[in-house]
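A.B. asks: Next come the chains, spelled out residue by residue.
There are 2 protein chains.
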Amino acid sequence: MANREDHLLRTAWTADQAELPAHALRWLQAETGLTEVVTHPREARPTESTLTDKARDLLAEVVGDSYVLTSDEARLGRAGGLSYLDLLARYQPGLIPAPDAVVVPASPDEVTAVLRVCAEWGIAVIPFGGGTSVVGGVAAMRGDKESVIALDLVRLDRLVSVDPVSHLAVFEAGVRGPDAEKALAEHGFTLGHVPQSFERATIGGFAATRSAGQASSGYGRFEDMVEAVRVATPRGEWRLGVAPASAAGPDLRQLVVGSEGVLGVITEVTVRVRPLPEVRRYEGFVVDGWDRGVAVVRELAQRRVLADITRLSDMDETRVSFSLAGGLKTAALKGYLKARGIKEPCLLILGWEGRDRSATLKALQGAVRLGTPLGEVWRHGRFNGPRQRDALMAMGVCVETIETATHWSSLSQLRSAVRAALTRTLTAEGRKPIVMCHISHAYETGASLYFTAIVPRDLRDPMGQWKRAKKAASEAIAKLGTISHHHAVGVDHAPYLPGEIGDLGVEVLAAAKKVLDPTGILNPAKLLS
Amino acid sequence: MANREDHLLRTAWTADQAELPAHALRWLQAETGLTEVVTHPREARPTESTLTDKARDLLAEVVGDSYVLTSDEARLGRAGGLSYLDLLARYQPGLIPAPDAVVVPASPDEVTAVLRVCAEWGIAVIPFGGGTSVVGGVAAMRGDKESVIALDLVRLDRLVSVDPVSHLAVFEAGVRGPDAEKALAEHGFTLGHVPQSFERATIGGFAATRSAGQASSGYGRFEDMVEAVRVATPRGEWRLGVAPASAAGPDLRQLVVGSEGVLGVITEVTVRVRPLPEVRRYEGFVVDGWDRGVAVVRELAQRRVLADITRLSDMDETRVSFSLAGGLKTAALKGYLKARGIKEPCLLILGWEGRDRSATLKALQGAVRLGTPLGEVWRHGRFNGPRQRDALMAMGVCVETIETATHWSSLSQLRSAVRAALTRTLTAEGRKPIVMCHISHAYETGASLYFTAIVPRDLRDPMGQWKRAKKAASEAIAKLGTISHHHAVGVDHAPYLPGEIGDLGVEVLAAAKKVLDPTGILNPAKLLS
Numbered sequence: 001m002a003n004r005e006d007h008l009l010r011t012a013w014t015a016d017q018a019e020l021p022a023h024a025l026r027w028l029q030a031e032t033g034l035t036e037v038v039t040h041p042r043e044a045r046p047t048e049s050t051l052t053d054k055a056r057d058l059l060a061e062v063v064g065d066s067y068v069l070t071s072d073e074a075r076l077g078r079a080g081g082l083s084y085l086d087l088l089a090r091y092q093p094g095l096i097p098a099p100d101a102v103v104v105p106a107s108p109d110e111v112t113a114v115l116r117v118c119a120e121w122g123i124a125v126i127p128f129g130g131g132t133s134v135v136g137g138v139a140a141m142r143g144d145k146e147s148v149i150a151l152d153l154v155r156l157d158r159l160v161s162v163d164p165v166s167h168l169a170v171f172e173a174g175v176r177g178p179d180a181e182k183a184l185a186e187h188g189f190t191l192g193h194v195p196q197s198f199e200r201a202t203i204g205g206f207a208a209t210r211s212a213g214q215a216s217s218g219y220g221r222f223e224d225m226v227e228a229v230r231v232a233t234p235r236g237e238w239r240l241g242v243a244p245a246s247a248a249g250p251d252l253r254q255l256v257v258g259s260e261g262v263l264g265v266i267t268e269v270t271v272r273v274r275p276l277p278e279v280r281r282y283e284g285f286v287v288d289g290w291d292r293g294v295a296v297v298r299e300l301a302q303r304r305v306l307a308d309i310t311r312l313s314d315m316d317e318t319r320v321s322f323s324l325a326g327g328l329k330t331a332a333l334k335g336y337l338k339a340r341g342i343k344e345p346c347l348l349i350l351g352w353e354g355r356d357r358s359a360t361l362k363a364l365q366g367a368v369r370l371g372t373p374l375g376e377v378w379r380h381g382r383f384n385g386p387r388q389r390d391a392l393m394a395m396g397v398c399v400e401t402i403e404t405a406t407h408w409s410s411l412s413q414l415r416s417a418v419r420a421a422l423t424r425t426l427t428a429e430g431r432k433p434i435v436m437c438h439i440s441h442a443y444e445t446g447a448s449l450y451f452t453a454i455v456p457r458d459l460r461d462p463m464g465q466w467k468r469a470k471k472a473a474s475e476a477i478a479k480l481g482t483i484s485h486h487h488a489v490g491v492d493h494a495p496y497l498p499g500e501i502g503d504l505g506v507e508v509l510a511a512a513k514k515v516l517d518p519t520g521i522l523n524p525a526k527l528l529s
Numbered sequence: 001m002a003n004r005e006d007h008l009l010r011t012a013w014t015a016d017q018a019e020l021p022a023h024a025l026r027w028l029q030a031e032t033g034l035t036e037v038v039t040h041p042r043e044a045r046p047t048e049s050t051l052t053d054k055a056r057d058l059l060a061e062v063v064g065d066s067y068v069l070t071s072d073e074a075r076l077g078r079a080g081g082l083s084y085l086d087l088l089a090r091y092q093p094g095l096i097p098a099p100d101a102v103v104v105p106a107s108p109d110e111v112t113a114v115l116r117v118c119a120e121w122g123i124a125v126i127p128f129g130g131g132t133s134v135v136g137g138v139a140a141m142r143g144d145k146e147s148v149i150a151l152d153l154v155r156l157d158r159l160v161s162v163d164p165v166s167h168l169a170v171f172e173a174g175v176r177g178p179d180a181e182k183a184l185a186e187h188g189f190t191l192g193h194v195p196q197s198f199e200r201a202t203i204g205g206f207a208a209t210r211s212a213g214q215a216s217s218g219y220g221r222f223e224d225m226v227e228a229v230r231v232a233t234p235r236g237e238w239r240l241g242v243a244p245a246s247a248a249g250p251d252l253r254q255l256v257v258g259s260e261g262v263l264g265v266i267t268e269v270t271v272r273v274r275p276l277p278e279v280r281r282y283e284g285f286v287v288d289g290w291d292r293g294v295a296v297v298r299e300l301a302q303r304r305v306l307a308d309i310t311r312l313s314d315m316d317e318t319r320v321s322f323s324l325a326g327g328l329k330t331a332a333l334k335g336y337l338k339a340r341g342i343k344e345p346c347l348l349i350l351g352w353e354g355r356d357r358s359a360t361l362k363a364l365q366g367a368v369r370l371g372t373p374l375g376e377v378w379r380h381g382r383f384n385g386p387r388q389r390d391a392l393m394a395m396g397v398c399v400e401t402i403e404t405a406t407h408w409s410s411l412s413q414l415r416s417a418v419r420a421a422l423t424r425t426l427t428a429e430g431r432k433p434i435v436m437c438h439i440s441h442a443y444e445t446g447a448s449l450y451f452t453a454i455v456p457r458d459l460r461d462p463m464g465q466w467k468r469a470k471k472a473a474s475e476a477i478a479k480l481g482t483i484s485h486h487h488a489v490g491v492d493h494a495p496y497l498p499g500e501i502g503d504l505g506v507e508v509l510a511a512a513k514k515v516l517d518p519t520g521i522l523n524p525a526k527l528l529s
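First to last, the protein sequences are chains A and B. Number 529 marks the last residue of the first sequence (the working numbering); no jumps. Number 529 marks the last residue of the second sequence (the working numbering); no jumps.
The reader is advised that the hints may include incorrect statements.
Just so you know, same-sequence chains aren't split out, so a pair can sit in one copy or run between any two.
20 Å max Cα-Cα, derived DMTMM-like pairs, lysine to aspartate or glutamate [unchecked claim]:
#1 Lys145 x Glu48
#2 Lys467 x Glu181
#3 Lys467 x Glu278
#4 Lys514 x Asp503
#5 Lys362 x Glu36
#6 Lys362 x Glu299
#7 Lys343 x Glu120
#8 Lys362 x Asp390
Source of the hints: derived by calculation from the structure; they are not laboratory data.
Based on the provided sequences and hints, a complete structural model is requested.
C.D. replies: Shown next, in the form of structure tokens:
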């Protein structure tokens with residue numbers, strides 16, 4: 001589907017940043033104490049490849065000579081994901097830890113064959129989809145193995161089949177978000193899964209990380225869409241899922257979904273699809289204060305009349321949105337809200353994809369309706385977060401996100417605790433962080449919280465600056481919520497997993513891994529540290 | 001909550017059968033070739049208790065002397081579940097295999113302590129809730145252990161807490177369906193989980209077996225309601241579930257849900273609850289033919305406007321319902337349907353619990369509306385299946401149910417295959433089976449199928465008669481669907497599990513069991529044969 005050659009050579013680091021408007025920069029300088037620093041990623045070099053010629057030949061026998069890539073460019077393109085710390089490494093001296101080769105199989109069978117070679121020769125394998133992990137999920141770690149390859153699934157790019165009666169589609173794992181939607185649209189269907197990583201992330205990655213899209217209130221989380229999976233393991237292929245629901249023992253699909261490449265390589269996913277909506281409509285609303293906003297979203301969730309897209313920003317995020325967004329008549333808007341008695345504006349974006357709006361609107365008490373223009377502003381910028389982040393980084397800003405979820409009764413307490421942790425650790429002489437938060441996924445029993453922190457970079461210890469903040473926030477989260485609502489565990493959250501699933505939970509996962517990956521080649525140090 | 005003494009002494013076999021009206025018997029005789037045979041369960045005796053005095057004393061130290069029961073009556077009450085073959089054993093000569101003692105702990109901590117004693121002394125443990133398994137899930141099997149106890153959870157009968165903001169309730173595992181609803185109603189909530197076993201089955205059992213209630217279209221399957229679990233294992237307590245959704249690795253709650261007492265004993269479940277509906281309304285409709293009916297239900301499911309209760313009977317089940325139901329003016333009904341051009345009436349029951357009916361009715365094309373009387377007939381009889389079964393059994397009838405689920409595109413083929421298998425195996429000289437089927441749980445991508453077979457008992461080989469039919473039906477199911485949609489695996493379906501989850505899946509479950517239950521005391525021979 002996509003241009004393969006392009007993908008084979010691309011580096012995940014390719015600059016793709018948005019322009020930051022001059023007014024936005026001035027605003028940031030006033031708010032955070034940022035002094036204008038323009039930085040440049042240095043010319044990066046990957047670590048040397050340690051793959052033996054013998055191993056290279058065996059892998060080439062499986063996938064073809066031209067699909068075992070060992071160039072610096074190819075290896076650098078799979079040397080980690082897109083977290084702030086991943087990107088920051090590019091501004092720092094030192095080699096970038098990279099896989100020793102990039103192996104690009106063409107089919108599920110080739111994936112299984114590659115794993116067999118790697119198991120026999122003791123080569124670690126990092127399954128690689130879009131490379132958009134922000135938790136170190138594709139970091140080039142080799143565990144106790146001498147070599148490590150990135151197993152790039154870009155050639156597993158087919159829509160295998162569509163069952164229009166059952167509303168099911170079978171995708172190979174390497175299909176990217178836009179390609180999946182394009183292929184489904186030809187059959188009149190949509191998947192409706194649009195996380196911020198949509199443009200680059202893959203079907204296999206969505207499944208491996210329990211991804212949740214911006215429209216999860218309507219379409220569900222990715223795990224809700226997974227009807228069946230096909231998994232390559234060093235012990236052979238494993239298929240799961242024969243019906244929409246089953247009482248045939250534990251649901252092992254839910255063990256594979258979220259397994260982050262540690263238990264196997266997901267090669268095909270059967271997903272539930274829906275008819276393409278005839279109309280899509282996104283509207284902006286404002287509610288007065290966070291607590292009121294939470295009450296509004298909770299009411300919609302518990303009455304089961306959520307819009308497909310439901311996103312509530314807190315005051316700080318609303319203020320930043322209004323200040324940074326281009327094209328908004330901010331002064332007029334503020335006057336309008338003031339006249340309506342809104343003291344602490346919190347922006348609420350609701351989007352409907354084909355569904356009738358009336359039930360939502362009927363249950364929506366105490367929100368000021370701002371209409372579709374604000375909704376469209378959000379829609380146009382919905383995938384821009386990473387690009388804006390790259391632009392900010394180039395200006396010497398520390399910018400990163402943290403997310404969690406908890407029950408409604410703990411939500412405000414958890415938000416306060418994380419805000420306090422981030423603010424405390426990121427405040428320093430001359431540096432004042434902006435910490436903002438939104439709910440982007442609401443459930444009957446609770447909701448997600450998504451934090452963005454922006455602060456001038458500590459140029460003497462940029463890594464330490466963020467690591468301390470992340471640690472403090474994670475400790476606050478571990479007390480009241482889940483360590484990740486949709487970013488997954490990777491390397492970054494692995495220390496907190498035992499606290500969430502218990503030592504017995506970790507042992508159970510390790511035992512499952514021992515069955516499926518007896519020699520421990522799959523994605524070392526991820527999920528289970 | 002319930003009368004404990006009563007529960008401590010009850011036997012699962014206590015006759016609780018419905019009266020079978022004379023006209024129904026005559027009808028059955030004409031349809032199936034049944035000659036009037038009135039049978040009586042013989043006076044049953046359990047196998048001797050092999051529990052040592054030492055073990056008895058140690059268990060009594062944990063739960064108190066009066067809660068280690070070894071009487072024949074108490075042991076017989078936990079000697080298996082309620083499948084046709086379980087009940088048939090009561091009509092046959094021979095001892096009933098029974099647990100060596102019934103141990104009745106009072107708290108989750110006592111459950112953990114009991115497991116520790118049993119692990120140390122090599123005593124097998126069968127977690128026992130309502131005892132309503134129809135797949136051998138509580139059969140008194142001891143594996144390689146010398147003794148086996150039934151761990152009756154009847155004293156874990158508390159609603160521990162309600163979080164009215166998050167719509168969450170924490171129940172101890174032994175709370176029965178009606179008691180759970182009664183306790184929640186005092187807080188203005190309902191669980192909405194009403195399987196046919198509702199009157200006796202427990203919260204822990206619902207979770208352990210991935211139960212699905214009659215209103216699953218509205219309230220979801222039980223696994224959808226489970227927010228957190230507390231599990232006692234021989235290695236200590238295991239708690240899971242901190243948020244409505246999480247990307248912190250695989251969802252291990254879904255490993256516990258459906259684990260059928262093999263991985264641990266569920267002692268507490270945190271469930272999502274909903275406000276009590278103000279109005280409940282059940283209506284009957286008729287559609288013309290099975291294929292048309294399937295299309296109607298599929299349309300409702302895929303438009304996401306299913307009624308909370310959605311049940312479609314095939315022609316045979318509709319015919320039987322109309323013939324056996326009391327109070328229905330069947331002739332008038334038939335005339336009315338004929339006048340409306342209905343040639344092959346299939347009954348469709350829709351029920352709304354607080355939800356607006358308009359979206360469903362708008363999407364309901366080609367169904368003749370019969371109004372609330374038929375809906376009420378269904379509602380009044382909704383838990384009567386087992387009682388009618390007992391009445392039929394006493395008259396020498398072989399009567400049992402089989403269920404599965406599959407994708408929409410395979411549904412009719414699977415129904416035909418199972419019908420053919422049951423009809424072929426149960427037909428004999430002088431015996432003609434009635435095989436009927438309904439959909440009771442619909443999803444966007446597929447639906448359940450629930451079969452009931454009724455045939456005069458083969459008095460020379462009653463066990464073999466059903467075993468052959470079950471085997472043929474199971475083999476047909478294994479080709480196109482799941483071996484169980486909501487009855488679980490137990491002993492009866494264990495041979496088919498490897499075909500559904502793969503040998504690797506079985507190995508993963510066995511590895512999880514080895515972690516949690518290293519000496520293999522928990523529910524031997526269930527799930528994993």
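A.B. asks: From the Cα coordinates, with 20 Å as the cut-off, is the pair Lys362 and Glu299 best called within, between, both, or neither?
C.D. replies: Within one copy only: 11 Å inside a chain, 26 Å across chains, cut-off 20 Å.
A.B. asks: Within, between, both or neither: how does the pair Lys514, Asp503 come out at a Cα-Cα threshold of 20 Å?
C.D. replies: both (16 Å within a copy, 15 Å between copies)
A.B. asks: When Cα atoms must be at most 20 Å apart, do Lys362 and Glu36 count as within-copy, between-copy, both, or neither?
C.D. replies: The answer is neither: 48 Å in one copy and 61 Å across copies each exceed 20 Å.
A.B. asks: State whether the alpha carbon distance between Lys362 and Asp390 is at most 20 Å within one copy, between copies, both, or neither.
C.D. replies: Neither. Shortest intra-copy (40 Å) and inter-copy (49 Å) distances fail the 20 Å Cα cut-off.
A.B. asks: Are the CA atoms of Lys467 and Glu181 at most 20 Å apart within a copy, between copies, both, or neither?
C.D. replies: neither (37 Å within a copy, 48 Å between copies)
A.B. asks: How do Lys467 and Glu278 come out at 20 Å by Cα distance, when the copy is not named: within, between, both, or neither?
C.D. replies: neither (46 Å within a copy, 52 Å between copies)
A.B. asks: At most 20 Å between CA atoms: does that hold for Lys145 and Glu48 within a copy, between copies, both, or neither?
C.D. replies: within (15 Å within a copy, 57 Å between copies)
A.B. asks: Within, between, both or neither: how does the pair Lys343, Glu120 come out at a Cα-Cα threshold of 20 Å?
C.D. replies: neither (65 Å within a copy, 65 Å between copies)
In this structure, the hints that do not hold are numbers 2, 3, 5, 7 and 8, in rising order.
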